[in-house]
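Quick one: dock chain against chain with the hints and give me the complex.
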Amino acid sequence: MILIVSAISFTLLSSAGGDALSTLRENPQVSDKTIEGLKRIYGLDRTFAERYGLWLFGAVSGDLGESFSFRIPVRTLIWSRFLNTLIMSFVAFAIAVAVSFFLSILSARYRRRFLSGFIETIVLLSASTPRMVLALLVLVITLRFSMSAPAAGEINLFQLFSGAIVLSVPLISVFLAQLRVGLADALNEDFVRLARAKGLAEWRVIALHALRAALNPFLSIAGLSFGGLLGGSVIVETVLGWPGLGALMVSAVRGRDVPLVMGVVLVASAAVWLGNTIAEVLQLVNDKRLRSDNRG
Amino acid sequence: MDEILTKRRSPRNRAMIAGLVIVFAFYFIAIFADFLAPYDYREQTRQEPSAPMSNIRFRDDQGIWHLRPFIYAQKLADARNMRYDEEVTQKYPLTMFAHGRPYSLFGFVPSDTHLFGVESAERENPPRLHLLGTDQLGRDRFSRLLLAIRFSLLVSPAGTVLACIIGIIFGAISGYAYSNVDSVMMGIADAMISLPTLILILAARAAFPLELPPITAALLLIMIFALTGWAEMARLTRGLVLSMKQREFVIAARSIGLTERRVLCRHILPNIASPLIVQATLMLPAFLLAETALSFLGVGLQEPEPSLGNMLSLSSDLVMLKASPLILLSPGIVIFLFVFGIRLAVRNLNWGVKIL
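Which chain is which? The protein sequence lines are A and B, in order.
Start counting the first sequence at 25; every next residue gets the next number (our numbering).
Start counting the second sequence at 267; every next residue gets the next number (our numbering).
Chain B on its own, in the form it takes in the complex (with noise of 0.2 Å):
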């Protein structure tokens, strides 16, 4: 490890460059969700079930190039077949910074603009671009996509956060504790960690009735991963404070008659912040996986609410899922990058923690 570490140093820090790029670049998502989803994630449409993506076009039919790309509306031609056809007559340009449906960004900024969409002055109701198609019901994929990424990546940080604390208060307590008391503490950790953690969620989950309001069940998520989730933090807090305990700043901090609360608010803590920090980032993915997990499972977050472990279940359709495997696997494919730009930045991150 530490031959790797001092001849590739600059390899390594563009690997964790990317790997926050990516990270970023998610939560840049999250929080923009609305502003870059160009209609709502709710609205059903019954002209267009399972619509194929929009072709954006720069060249149209009479073999003319436009500067500005456009497209055509799209009509179901065969309904048996879910075949569209593209009606050649009208071009649509597309328009930065459309105005559509009213959201309000942050929760309290009232707007009705999001960054691209349709426009046309002749129709009241130009057609829709959809850049991932829509599903059974015609809701853009897009628009439930971004929201869905909002959805997944506020939840589990929240119930890293709350599993961190447990855990870290949990394992001090047990690296002061006497013997007795810390060896039954690790006894319950180590239980914990062992235990088949998503039976037990299906398990916890169970007790509470299946449709539950967006919020609760969020919140019901947090709750259940802060629950399962604390044990790792707590065993490796305990690992980090006992070794803390022999340093001599800390026996110096005590023998000057500081309370042990302070010692290890002020002392213990601030050393061994950066694995901690490390083992909190790691537990991110697995949160996140976990809630996809329950989504997909039909007991996490409940439709219309989009999550990406739901918006996956609908690759239960065969018939769909062998036609057009890329736009149904794309909640899967945000998945997987995200996870991995969060496992690139923390394994590069030279901070001297070694990762596994």
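Excised from the complex, chain A in its bound form (with noise of 0.2 Å):
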């Protein structure tokens, strides 16, 4: 799968016109000789086949070229920033899955009616709420009280957390709808009667059997959502100026800078690949029944 999106991603940035060299070659100063040296070193003389070649191979054996306008390897650059990235997505992963399980179990063992339905503004204010809209106003927030504008590249808590936060949001708002029905389904099941039966605690009742029946659909949603935290950790790194993934990649595509895209891509597609891997094994563990090779 992999291999495919580097393919496309490939094809598309070599085949449309114009390169990293496009803005130089509109420079009168830079002349043509300067160009074609330029081209030689960066490879770009070369025929579209033996480039994504040669970028394959090095991939495979770890080397993802050198990038364009920063002239170091693209590893360094990228494994830096990704460690930041990852840093910051872990934590916002974690205070959605708490707000949500929180809430969640909450309500379902409670059954209020203010309750669902201050949930369910959560759940349709956080899901309508852009992660651009409140990074800024986080933003304003830190210029109104902080009175320090952040500095970029400058790595402190409050940055990770203010961030954190804002890139959790839209996963609360998923997060908590899908654990909610499921509760709520679960909870009218017959082994929780069952668990009741036995004289169980509710609160016993409720994490123990139910949630462990509203568990699996949550994972799989859970898995696919991966790909939408790194896109929005993309707008949250630039506006707040944290220095990882996103704020990298838009640097890259404003620079063309085809081998740094290309390694974001990769790195980031790995990333939510593994994270998607990671869910469906925990979805197999917490539930046995789709062990069996009959799962339709």
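Some hints could be false.
To be verified - If you want the footprint, here are the derived chain A segments under chain B, 3+ residues with CB under 8 Å:
#1 151-165
#2 252-265
#3 272-278
What the hints assert, rightly or not - On the chain B side, residues computed to face chain A include the following (Cβ under 8 Å):
#4 Leu-464
#5 Arg-471
#6 Leu-563
#7 Leu-587
Stated by the list, open to error - Listed next, with one range per pair, are the computed distances between beta-carbon atoms:
#8 B:Gln-313 to A:Leu-298: 56 to 62 Å
#9 A:Pro-97 to B:Ala-284: 53 to 59 Å
#10 B:Ala-284 to A:Arg-135: 22 to 28 Å
#11 B:Phe-294 to A:Arg-236: 34 to 40 Å
#12 A:Phe-182 to B:Pro-536: 53 to 59 Å
#13 B:Ala-539 to A:Ala-225: 33 to 39 Å
#14 B:Lys-357 to A:Asn-180: 50 to 56 Å
#15 B:Val-447 to A:Asn-310: 28 to 34 Å
#16 A:Asn-180 to B:Cys-531: 33 to 39 Å
#17 A:Arg-220 to B:Ser-449: 36 to 42 Å
These are computed hints drawn from the structure, not numbers from a lab.
Glycine included, C-beta positions come from ideal geometry on N, C-alpha and C.
Written out as structure tokens, the structure is:
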């Protein structure tokens, strides 16, 4: 799958007119000879198939080439940025899971109308607040209160948590809606009635029995959300100046830095694929019925 | 869900109507943007860069009340700190249906009437009414906002329709195909859904030159949305087609010898239309957000054409953002309201479709 994605992106990036040198070419002070020399350095004078072959061969052996604009290996450039994005996404994911589990269990335990109304409002609001606007709001608040503009490239805890909260908001909406419906369905099942009949406390019934049944659809939704999380980090990192993969991607696209764009696409796809696989394995662990081969 | 549906039907209906009103109001603005906007969205005024909002007054400096609202001319008093003073000598009353920049309504009705404006018999160029102030180039922010709404609200439905067509065809074929073909097709769709879409969109965008004329940019955005957004639709369609294939009326239709195509188009598709429409409506905000994100990052619609995204990107001017956050974030408020309206309406539709 990752191979297909890389091939498609590489073709797209190479086939369209213009490359990293096209702005240079318009500059009258840069001679054709210089351009030719630069082309040889970057390997742009080879044919498309050769370039893709070389890139693929390098990628398999762990070498993603050299960035056009930063002049350092793409791998070192991406690695530190990727860790930053990973940290923020992980915190965001944890926040979303914590909030949605807490609220959905609360509403399953105490079935009050104001609670369900409250949760519906939260789902609706968090689903319709774009991360971009939220990130800008956070920026306004930082400007108003801390009085120090966030410097690009500098990492601090406040930035990490505000970014993570912004990232987590749309996730909360999806997770909360799924968990609430899942829990409500599970609570009508026979095994829950059995658990209650055994005399278990309601908290135990929900936490140990109903939640386990509601966990699998939640896990599949969570697995599908990684892609959106990475996409959202592009915006959040750009606005808040967090030195992550998303911000790197934006500068790579602006500079039409093909090796860097390819590297980011590769790493992002691989990360999402890994996340999905982990979610699927967790589903298998949680539900033994899925382990048989006839799962339609 | 069912319990809520039966118990609280009327509040749900009210919420749905409120959502629909919001959505239709925005489309009204989008259609009549030229008429509602008092000025040309590209016209720069060198005398008033970064002007604040005009004060609409009913009471003049002598304390006399007027029935008709008026404004004073603003003059840049301190160019260093961008401070404006009002010239209280001359009042300029606001006019309904003022004459101004010529445009053509719906693209073919020529007109120069705007809903409101400032007209003056004495001066050739009366002072301008800036409901949201001006940007650094002295362009009227309110007019830009209205035109931006038009762009964003027309591009995202076009992308949605295209993505839906691809998705429904793909999903229907997959639902009808043999199990091997079906699993390959759904594998592709699943991969598509789980991919980091925005990063792929950015990569696809990197393949084209940054500066694009607005029409090309819009078409490119629509294409990109369609190519990245069809998968969810395909998955939903396939599931619904599969469940419909088992129903008696479909088996009956097939047993009297109708062709598969006719069964699909006349019997299956009409019966799965409502969940598909709901899904399509939920894709609309996603595309709107993607469009604004791209323009925000500077790779969507380019200046001087306004879009909600590239207007928001002006808030990278931190001094302005600190001074007047509401004005700079007004495109964001528009995005929020529109998405909220759609969600409110769709969530409360009583179509028996479970929406998460």
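Exercise. Of the hints given before, which are not true for this structure?
Worked result: 11, 13 and 16
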